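Working from the sequences, and respecting the hints, build out all of it.
There are 2 protein chains.
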Amino acid sequence: MALSKHKEASFFRDSFFNHLPRLKRFSTAEASVRTGAPGSPRERCLTMATVNPHVKAVEYAVRGPIVTRAGDLERALRQGQNQSFTEVIKANIGDAHAMGQQPITFLRQVVALCCFPELLESPSFPDDAKQRAQRILQDCGGQSLGSYSASQGVECIRRDIADYITHRDQGVPSDWNNIYLTTGASDGIMSILKLIVSGQGSSRTGVMIPIPQYPLYSAAISELEAVHINYYLDEDHCWALDIEELQRAYLTAKQQCQPRVLCIINPGNPTGQVQSKKCIEEVLHFAFEENLFVMADEVYQDNVYALDCRFHSFKKVLYEMGPEYFNNVELASFHSTSKGYTGECGFRGGYMEVLNMDPQVEAQLVKLLSVRLCPPVPGQAAMDVIVNPPKVHEPSYAQFTKEKNSVLDVLAHKAMLTERILNSVPGIKCNPVQGAMYAFPQIFIPPRAIQEAQSRSLAPDMLYCLKLLEETGICVVPGSGFGQREGTFHFRMTILPSPEKLEVLLGQLKEFHLRFLEEYSQQEPQIPRTAHDQHRETSEQPA
Amino acid sequence: MALSKHKEASFFRDSFFNHLPRLKRFSTAEASVRTGAPGSPRERCLTMATVNPHVKAVEYAVRGPIVTRAGDLERALRQGQNQSFTEVIKANIGDAHAMGQQPITFLRQVVALCCFPELLESPSFPDDAKQRAQRILQDCGGQSLGSYSASQGVECIRRDIADYITHRDQGVPSDWNNIYLTTGASDGIMSILKLIVSGQGSSRTGVMIPIPQYPLYSAAISELEAVHINYYLDEDHCWALDIEELQRAYLTAKQQCQPRVLCIINPGNPTGQVQSKKCIEEVLHFAFEENLFVMADEVYQDNVYALDCRFHSFKKVLYEMGPEYFNNVELASFHSTSKGYTGECGFRGGYMEVLNMDPQVEAQLVKLLSVRLCPPVPGQAAMDVIVNPPKVHEPSYAQFTKEKNSVLDVLAHKAMLTERILNSVPGIKCNPVQGAMYAFPQIFIPPRAIQEAQSRSLAPDMLYCLKLLEETGICVVPGSGFGQREGTFHFRMTILPSPEKLEVLLGQLKEFHLRFLEEYSQQEPQIPRTAHDQHRETSEQPA
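Quick mapping for you: the protein sequence lines, in order, are chains W and B.
Residue 276 in full-length UniProt numbering sits at position 276 of the first sequence; the count goes up by one each step and never skips.
Residue 485 in full-length UniProt numbering sits at position 485 of the second sequence; the count goes up by one each step and never skips.
Everything labelled a hint here was simulated from the structure, so no lab data went into it.
All figures in this text were calculated on a predicted structure; none of them were measured in a lab.
It does not matter which identical chain is used: a pair holds within one copy or between any two.
Okay, derived cross-link-like pairs now, DSBU-like style, lysine-lysine, Cα gap no bigger than 30 Å in a straight line:
id: 1; residue 1: 391; residue 2: 316
id: 2; residue 1: 501; residue 2: 402
id: 3; residue 1: 467; residue 2: 367
id: 4; residue 1: 130; residue 2: 402
id: 5; residue 1: 194; residue 2: 56
id: 6; residue 1: 467; residue 2: 510
id: 7; residue 1: 56; residue 2: 367
id: 8; residue 1: 56; residue 2: 254
id: 9; residue 1: 404; residue 2: 277
id: 10; residue 1: 467; residue 2: 501
id: 11; residue 1: 404; residue 2: 130
id: 12; residue 1: 367; residue 2: 194
id: 13; residue 1: 316; residue 2: 277
id: 14; residue 1: 501; residue 2: 404
Shown next, in the form of structure tokens:
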């Protein structure tokens with residue numbers, strides 16, 4: 001229709017467009033006039049009516065509306081608007097560096113050397129960092145971090161990971177051919193789920209996930225149109241995984257779908273528990289019996305703080321259960337550069353080890369990964385440092401060890417601090433933060449607050465978290481974003497702010513909580529001793 | 001069943017496992033004995049029968065079987081096995097650094113500075129690189145590359161990209177809110193397609209792609225279970241996009257699906273053509289009329305070699321067509337760090353600019369992207385350098401400009417060289433390599449070779465490429481992996497090897513081709529002047 005109107009278009013550019021700072025200003029009115037339908041803008045191809053319904057179904061609380069609101073408040077503060085606080089503290093996401101944690105020097109030295117190899121001549125870089133960088137570069141095409149790696153990752157890094165796993169698991173063999181570098185752990189988890197989900201109707205793949213869960217899982221399941229199978233962790237027993245609950249969830253789901261995947265997060269996110277070896281054995285036995293593919297999210301394997309807890313890898317426990325298990329149970333374990341003591345989230349590094357996968361399916365996995373070409377190579381280099389840190393006799397050992405221990409010691413201190421202060425608040429009960437980076441306390445929300453939330457179409461803990469944010473600048477994520485037993489309410493907060501800031505934050509949280517109880521409890525003056533005790537009496541039922 | 005057998009397992013570990021170098025050796029036999037089903041190993045959960053059928057349907061030739069075979073040959077060479085060649089040359093993938101192209105110094109300096117900020121004190125880094133790095137870091141959480149960025153990317157980088165686009169398009173406004181950093185362009189393309197695909201049966205989303213195409217598109221369409229709508233580029237006219245062919249494809253497809261997306265690759269991959277402004281106008285007019293979402297893959301926008309060609313961005317052309325187009329056509333344009341003159345594939349950097357998207361759908365896109373948290377931040381930093389290179393008065397300008405021009409000049413030389421030598425071979429005809437990084441010549445394959453391929457269940461050009469690889473070590477990708485008119489055969493080769501190596505490669509290719517013709521043409525001694533001419537007479541029909 002209007003190929004002949006180019007001159008007119010150029011008129012618009014010269015006289016009209018250039019005076020408008022932002023594109024969107026002149027959008028709708030102009031369009032409707034010129035398409036000859038005054039008042040009604042032209043209908044788009046992509047609308048909420050036509051968008052992929054599985055994308056619409058995705059929820060991801062860690063970066064949900066509360067975080068958007070936190071961003072708005074931050075901008076308002078920067079622009080000098082008065083608030084009742086001077087800073088927004090983002091305790092919503094496990095983003096250590098954003099909270100002030102310093103990078104591990106050795107890791108950054110190796111990646112910088114890989115990135116700009118002229119530095120290999122610089123006397124200010126230690127020899128062990130240079131050797132690591134040279135070794136990585138030798139396995140990169142053209143000895144450059146800028147080449148695509150193989151879809152599974154750089155070979156020497158895959159070998160280093162296999163060695164690391166063997167050492168971590170006290171000799172249980174690891175084959176580097178089973179190692180796949182990934183773009184953070186999320187990418188690996190998504191790829192494996194994508195591979196597995198199939199079937200229609202009652203044969204559609206069901207994926208068992210813990211409740212509470214890290215919402216990547218529910219998001220991926222929604223996106224892939226798989227069936228959610230929720231098994232509830234036992235809050236009364238430090239968020240233990242109870243095998244009977246696993247069986248209940250499995251048997252209930254089996255009537256509607258084909259359960260094929262069992263996801264476990266250990267140490268737990270958002271729940272912070274560290275699973276016992278006995279529990280892992282039971283879970284693996286269950287997976288063996290029911291022929292489930294096990295996905296073990298072990299990204300917090302270095303984050304164990306409780307003195308009576310140890311990290312047991314699913315793989316090692318499987319090995320110790322004997323060859324009938326070790327040679328049969330299909331297991332993918334995930335790790336990441338984003339957590340641990342490095343906290344290198346921005347590099348999007350990670351790996352997965354995949355056991356007992358059918359070789360033909362393995363070829364399908366490699367093909368699927370190859371479409372995205374390769375995981376980011378700087379992130380692969382970062383991963384290499386984590387699995388191949390300086391050795392005792394090497395020049396960087398002392399500083400590396402000091403930095404690593406310092407990060408982990410401070411985290412352990414903050415885990416204890418958080419639990420202690422939260423449990424000192426009437427109406428809050430928090431399980432021990434045995435590992436990972438989060439507290440997931442249960443909070444008592446008075447019935448009047450629940451009513452108000454319902455009248456505003458908010459989850460009650462969303463109302464709580466929104467008010468906490470507006471009044472204190474503290475950003476945490478409502479428990480409803482992770483899943484929780486009906487009638488219970490929680491929030492997830494990270495333990496990542498510096499000890500000083502964390503103590504202030506927890507103090508403010510305490511004050512807020514007491515204000516919140518007072519505001520909504522005027523009809524019910526007695527504050528329950530802990531929300532937990534109250535819920536135990538009134539509302540806990542298998543869900 | 002066997003939780004009591006831990007002692008036995010530990011016996012296995014001590015006496016048996018440790019003597020075996022690789023995990024897989026003791027897998028099946030042991031398992032079948034111990035699961036009590038001698039001879040028949042336990043059935044897996046995930047098999048070719050249960051794997052996601054849409055993953056099975058994915059094809060990705062750029063890293064397909066021929067590349068696997070090239071890897072095998074490379075390993076064999078390293079282990080000293082005799083071959084008729086001394087080196088495998090991977091001309092299968094646009095991986096510039098792997099082919100010896102040197103990184104742009106300034107880019108690597110900035111990323112290294114971001115990575116290891118202690119270097120900001122080093123006198124050996126130029127001030128402009130330091131300023132760029134400091135500016136990026138100031139917008140990163142905790143001023144660290146290790147923090148997650150916003151899901152859309154680091155704010156100042158998004159602003160720089162918008163400024164770059166405005167400048168590239170001679171003043172056409174770009175809003176940084178429409179810019180999304182991505183994990184390479186592939187990730188952006190995949191995300192947009194994922195957002196759009198919906199419907200069932202005849203309302204299922206159809207995606208129009210050029211044939212030949214870059215196989216990311218067909219792979220994504222298969223994975224998302226959308227409908228492929230092929231429109232054929234016109235080989236007789238330098239792979240031009242013919243609007244009548246677009247209409248034919250659209251109308252044919254409309255009976256079976258709901259065409260909603262039109263993908264264009266300009267400059268073309270694998271075909272190397274640069275679209276004229278007139279052609280782009282026609283395409284956009286068509287998209288406007290049929291209300292199609294336009295995906296413009298413009299990752300080769302800096303790779304234009306032919307003197308009579310210029311890159312015209314879809315956005316700028318849309319703007320010049322007037323507000324009724326500019327304010328209505330839904331357009332996503334993709335760019336990448338992997339191509340251009342930087343060739344930084346390993347960093348997985350890229351961006352997309354999205355125009356006229358419904359704001360509610362935009363929120364869905366942000367949510368979808370947020371599940372993966374953020375694109376790799378080092379790749380974002382690399383992208384920033386590309387859109388914000390040293391300015392005339394800055395200290396790095398001279399070296400940067402010299403390096404950039406050198407890469408582009410050499411590429412232009414190799415584009416010409418490749419076309420010239422290929423067209424000197426009887427039975428090969430190659431369109432001008434106007435842009436991008438590939439030649440996609442048509443090759444004549446004698447009927448006897450076609451018969452042999454069919455008897456071996458290979459595509460005829462796969463047979464050709466396999467033989468080329470086995471005899472010469474040259475790895476190229478068969479045209480069947482990109483799509484081609486039935487009865488025609490092609491391969492894609494990159495122009496990335498160094499000029500010396502490329503000349504040798506083309507010489508070997510020529511010799512191989514003549515041998516191949518001779519081997520298969522004994523019954524038909526006359527070699528056609530060009531395959532192209534022959535096919536025009538015999539087999540070209542609209543497909």
